[in-house]
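Listed below, chain by chain, are the residues.
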Amino acid sequence: MAADPPGPAGGSVAAAAVALAAALAELAARKSGRPDEEARAAALRTRAVSLAAADARTYAEVLGAEGDARREALDRSSTILREIAAAAIEVSTLAAPLAVEGKPALRADAAASVELADAARRISERLVEANE
Amino acid sequence: MTEDGWLNAPADVLARLERLLRDFVACSVAGRVTETARIAADYASAQHPGDDATALFDGRRLSTTGAAFANGVLANALDFDDGHRLVKGHPGACVIPAALAVAESAQASSEELRAAILIGYETAIRAGIALHARSAEYHASGAWGALGAAAAAARLLGLDEPRTRHALGLAGYHAPIAPIMRSVAEPAMTKDACGWGSFVGVSSALLAARGFTALSSEPVAPEPTLGERWHLLDVYVKRFPCCRWSHPAIAAALELRKRLGPEHIGQIRIGTFAGAAALARGHPTTTEEAQYSLVWPVAVAVAHGRFDVEHVLPPAFGDRAARRLLDVVTVEVEPELEAEFPGRRRSAVAIGTSDGDRHESGPTEAPGEPDDPRWEEIVDAKAALYPDGGLFASLGLLPISSAIS
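Protein chains in written order, with the numbering used here: chain A, 1 to 132; chain B, 133 to 537.
Check the hints yourself; a few may be wrong.
Said to hold, decoys possible - Partial list, computed: chain B residues near chain A (C-beta under 10 Å):
| no. | residue |
| --- | --- |
| 1 | Asp-190 |
| 2 | Glu-244 |
| 3 | Gly-450 |
No lab work stands behind these hints: they were computed from the structure.
Virtual Cβ for every residue (Gly too), placed ideally from N, Cα, C.
The shape of chain A in the complex, shown without the other chains (with noise of 0.2 Å):
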């Protein structure tokens, strides 16, 4: 992450920030008896690490840019970054439940899924905002 010349940064440090978290809302879901959601967990974990490659490409193109073909590398970059910001909203939006219904000895694991995921949220707008 810190390597230079830069390579993957702010956008796919919330994606993978978002698989963390959904990883997390996994197994509370499943240590709670409740597959269904332990399967979009594990699908929304799966979507995030490929986000977080997505995010890497995008701004590669972006470095490498100039003038109009720079615009649109932001555009493509903010596209990705909104597909972050969704899969962080469904995950903090899963895993919240379990942080007060879920079994007890998982409750702060999920609360802890909340957390990443809505900070992953925030980096996420945050980022987009960067970009206009």
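Put chain B on the given structure of chain A with help from the hints.
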């Protein structure tokens, strides 16, 4: 109506009630991500702390009134919750939080909770119809929903008839005025004042229980059909998280979108009723501006073939595909569609393509109206999309399939 009468309501009423509870829970799960809901829960935690009831999907313990407020705001935060055409607002988000808070505090049974919610719906909708009939100004849900909340709370607290009347009188007297059209013109977190309606309703019942008196309750005139005519059967549910008045146009746009790619769109014309035409038309910058907009949801629907919760939350508002379409949308009031409002709310969308074709939806009704055969399907889809983590079971409420079979 006797107490037992409420518990033995017709099967179709109870089945709808069950699904309205499901819908309320789904809307609350989805609404938790909004700033509106977070601020309300933080405020309630700071100013109305206690150990009587719970902030839903937040977990913090609150006073009964605090939980009624926070959960009322939560349920309505996405404008995704149920409604009724004639009251032009949201009974569930006022009534259910009040009933849940008092039931949790009083450790009431699930049957008592259901009966109280049913009483609350029937009272709230009657109060809303009466209020709209005698007031020229259009008041938001909290203004009449407070009476439904009070009725539900009074039932759960076991108030006798005189004290129940005082509870209703207090709720009618202290309910928020909530001039909703101002909140439509200038979208803000104020919305339908459901949190305050729920808060006032619970406070009124708690005051009446202690002997606080009120003038008689004008808004709920005695109605001979109470317990015979079930207004709950006329409650609609929402498929989209935004003002109901934009739903017909969204549905129409989605139908046309199935035939058209967004790259071919030249112009979009929305024909509608005056209330919908008064909704915002600019580029939204907040959740509320996106929700109280006619053109944003239609632009998103045409651009992406769907309109979901993510589209009323940042960072969706910068979506260039939707923003481009915003600039080609025009809105006109259709006299035929205005004449049938509010009994029916329909809109028509016409899309002109870049190669000169024109596609028209014809007048379209919002999905989820009371007579929509997909009514149950819409609730079930929301419940599946926003699972409750086990809340419904912990409330002692039957799985929906058991209640209906």
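Hints, one by one, checked against the model:
no., hint, result
1, Asp-190, "7 Å, holds"
2, Glu-244, "21 Å, violated"
3, Gly-450, "6 Å, holds"
Hint 2 from the earlier list is the only one contradicted by this structure; the remaining hints agree with it.
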